[in-house]
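> Residue numbers (full-length UniProt numbering), protein chains in the order written: chain A, 1 to 498; chain B, 1 to 498.
Any given hint could be a false lead.
One copy or two, it doesn't matter: identical chains are merged, so the pair holds either way.
[Stated by the list, open to error] Here are the simulated DSSO-like cross-link-like pairs (lysine-lysine), alpha carbons at most 30 Å apart as the crow flies:
no. : residue 1 : residue 2
1   : Lys388    : Lys340
2   : Lys458    : Lys37
3   : Lys56     : Lys15
4   : Lys490    : Lys191
5   : Lys317    : Lys6
6   : Lys377    : Lys119
Treat the hints as calculated values from the structure; they're not laboratory data.
Protein chains: 2
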Amino acid sequence: MEQNEKLRALETLQKKLYAYNCASNSLYLDAVTVAPKNTAEGRGVALSILAGELQKLMTAPETLALVEELYARRETLDTLHRREVEELHRSCRQLTRIPAEEYMAYSELTNRASDVWHKAKEENDFASFCPILQELVEYNRKFAGYYDAEKAPYDALLNEYERGVDTQQLDVFFDTLRKGLVPLIRAIGEKPQIDDSFLHLEYPVEQQKAFADYLMEVMGLDRGHCGLGETEHPFTLEFNNKDVRITTNYDLHNVASSMYSVLHEGGHALYELGIRDDLQYTCLTGGVSMGVHESQSRFYENLIGRSRAFIGAIYPKVQEFFPAQLGNVTAEQFYRAVNKVEPSLIRTESDELTYCLHVMVRYEIEKQLIAGTLTAKEVPAAWAELYKEYLGVEVPNDREGCLQDRHWSGGSFGYFPSYALGNAYGAQMLHNMEQEFDVYGGVAHGDLSAVTGWLREKVHQYGHLLEPAEVVRNACGTFDAHYYLDYLTKKYAELYNL
Amino acid sequence: MEQNEKLRALETLQKKLYAYNCASNSLYLDAVTVAPKNTAEGRGVALSILAGELQKLMTAPETLALVEELYARRETLDTLHRREVEELHRSCRQLTRIPAEEYMAYSELTNRASDVWHKAKEENDFASFCPILQELVEYNRKFAGYYDAEKAPYDALLNEYERGVDTQQLDVFFDTLRKGLVPLIRAIGEKPQIDDSFLHLEYPVEQQKAFADYLMEVMGLDRGHCGLGETEHPFTLEFNNKDVRITTNYDLHNVASSMYSVLHEGGHALYELGIRDDLQYTCLTGGVSMGVHESQSRFYENLIGRSRAFIGAIYPKVQEFFPAQLGNVTAEQFYRAVNKVEPSLIRTESDELTYCLHVMVRYEIEKQLIAGTLTAKEVPAAWAELYKEYLGVEVPNDREGCLQDRHWSGGSFGYFPSYALGNAYGAQMLHNMEQEFDVYGGVAHGDLSAVTGWLREKVHQYGHLLEPAEVVRNACGTFDAHYYLDYLTKKYAELYNL
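Model the full assembly from the supplied sequences, consistent with the hints where possible.
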């Protein structure tokens, strides 16, 4: 085969991967939105066949030969093709590095674990989940060796979610945050609490839907390319850079819940919609890492969405949507309410300030689980101890404790830290943005175009064209947790008169 | 390969076909329900690749060898495997006759045509759709040659939708109907008209939705396996016999519109849900032909749903849903209103009596398009002429004329006649059913179980296990359009005092 022919084969391969991805995405979207209740079985058959076909395609001798040959002469390729080949080479190696029987046994285990976890959570019965958690840990420790035998197991796992990040960096990162945040949160706990009771009046769903539409408009999300749906757990799903879906969940008694879900998922959506056209239908499209993706969602949710400037800009309209509930509430009161700090038990419901401490608890525990210095059986006690130490709260039960997240039951160890990293990346991006233009000046007029323009230029457009660390360097400079800590300290000290 | 091994390979092949089918169905369902407006392009890429993969699978040498070998010794196989092999053999032969690139280009064309048609209809701009219509016609004429070069092109296309039916039979069929119906409709036009104004009061969508749920319950549709969605054009989509979706459209000023859409699509759904479990994930599942499918939907829509017995049974409940609108309307008035005969422009809104004439217009036109005796450009004029001749109505514009249906934009030529055949099959099934039990006696008590049981036994269960003509024979005996004509004549002569 001539080089040109090989590159055409490369394009075809990637379009197929795209098509399989679209198919599974579509079936998944259907499953969590409109599919009738008792239809999982037939969909499962289809999904597992499609997954098998994808796996077969990626491990086919022709595919491996093509990728290996192009990889060997990657230096002769243009940037795009070189990066495509590097990514595919990595994916192929990832797929073949776990022995097939182990992979199948593990798939079966995570399937089962998901059900067991669900039931254990419902029934607050950690004991029933404990053995399977230990099994999952052991599989992951073993797989870490397959991923990268030269790294410590947890580092190898971290690398799967946020390439280039290791325990050493994360220890420093979390240490910095802990030292700054724990005393700050304690000090806030001694100050008079903010009243947010008006956020919990009855907010009719129809008005919340109109509000969500408005927020998407403010964010500049083109509804011709970005859908808004409704699911129990909000998420973002991308088909390509012209077709992204976000979902939200309307809580009748919490207007902030859907509002910040829309801003959060909208941030993810802007990332996907901002990726360059020439990366479409290749393996270089899509956000580059969990951490960078989260930096974008949290940027719109918190750095913008929970800012005084943004609230000030949208508040007249917010009052129009909810005159009965917010007619007598000022923009400043609303701003304070959505920034109320309250150490709590549930990560996904936690405020901007305490959020990272929730993540830190999980980081400490999974690090030790994978290292083998903590067993599954010891998790509840460790969890309670760390929540007490970091957040000052007592954990009354495992349902609201170590059983709250689905991640471990799905076999994800090393995923959690990316949530915290994303927040910190965002804060540092904000700092850099402010050196270039008056960020909140524009936001105060409801104009996010400069912000989105900056992020599109520094982050969104690249997709996987750059490594995660390069994107971070591009937008943040040398990563330093102090920007995030400074942002939080300044904001919350002012809010609570410290 | 041993025979057993071959049969396992056969099973795997069919499961893959099922998975590809699920994938395309899901992407299609998404496209017409929640997908943002400007996302067709990326979906088109995915769909055409999936179609290409399916095509490749069906035309792969291993597939062909497997199917050919099993086909050669089909007499040694059990009934199920034999029918599977026969169906696959037919499909493979059909597919291998279309060159892969043409097939993919055509998939992309129909995807694009759908958007163009949509816009053209919205803007009443036939000119913008005309060239693509001509392209679709030419593809279909060409494909007809691939399907069966020995048949006239339109006969080959007809055969795709209703195996065994040809122009000669249809000419006789439509001739019978035209000769009986045109004078009947003219006579009705001279009688005092039925008042149906109360059907067009304001019927709030929320109450219509509750009514739709009720109708599905009356039909015995299990909501755990049958979803109800909302689309501009109602349809039924099946993933498997445990997962079927129907859609409806709520017209604020026409309570009968969604009511009869639900009964119609519900009839399709009962067929799919009634197919035997042992045919699942094989090529024998799914309704056997368009005509037989339509016989089931029209059975519930008209033969049941527009019967005096059915209206009598559900009417107290109907009044509960719409007390303000129907409180003073009797069941008999409602029965007469939903059976009002009025020659009109829109097929999908036409009454039971004039419906087949709408189909006949399309039949005459597409027959000529495919024959090449009519060009796309001439369609609007031909349309107007035939509507005047058969129905006595003037066509004021193309939106309400030849742009009204999606079929041609989806590449379906030869599909329309099956609508008329279905009606006729259904009437003959009803006749046979009445020989066995008191059909309307049960219906008058709101009990459709005997009807559904009969149809399940004679029609639904078989899927593709029997040929369309065998199913028709099974349920109808020797097909004869006079049963349908007699049913219509009797019903409408009584209604209009003729």
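> Evaluate each hint against the coordinates.
Quick rundown of the hints versus the structure:
1. When the C-alpha separation of lysine 388 and lysine 340 is checked against a cutoff of 30 Å, the pair qualifies only within one copy, where the shortest distance is 20 Å, while the shortest distance between copies is 71 Å.
2. Only between protomers do lysine 458 and lysine 37 lie at most 30 Å apart by alpha-carbon distance; the minimum there is 29 Å, versus 42 Å within a single protomer.
3. In the homo-oligomer, the alpha carbons of lysine 56 and lysine 15 lie at most 30 Å apart both inside one protomer (15 Å) and across protomers (15 Å), since each shortest distance falls under that limit.
4. In this homomeric assembly, lysine 490 and lysine 191 come within 30 Å of each other (Cα to Cα) only inside a single copy, at 16 Å, whereas the closest approach across copies is 84 Å.
5. Taking the shortest alpha-carbon separations for lysine 317 and lysine 6, neither the intra-copy value of 55 Å nor the inter-copy value of 67 Å comes in at or below 30 Å.
6. In this assembly of identical chains, lysine 377 and lysine 119 lie within 30 Å of each other by CA distance solely inside one copy; the values are 18 Å within and 62 Å between copies.
The structure fails hint 5 only (numbered hints given earlier).
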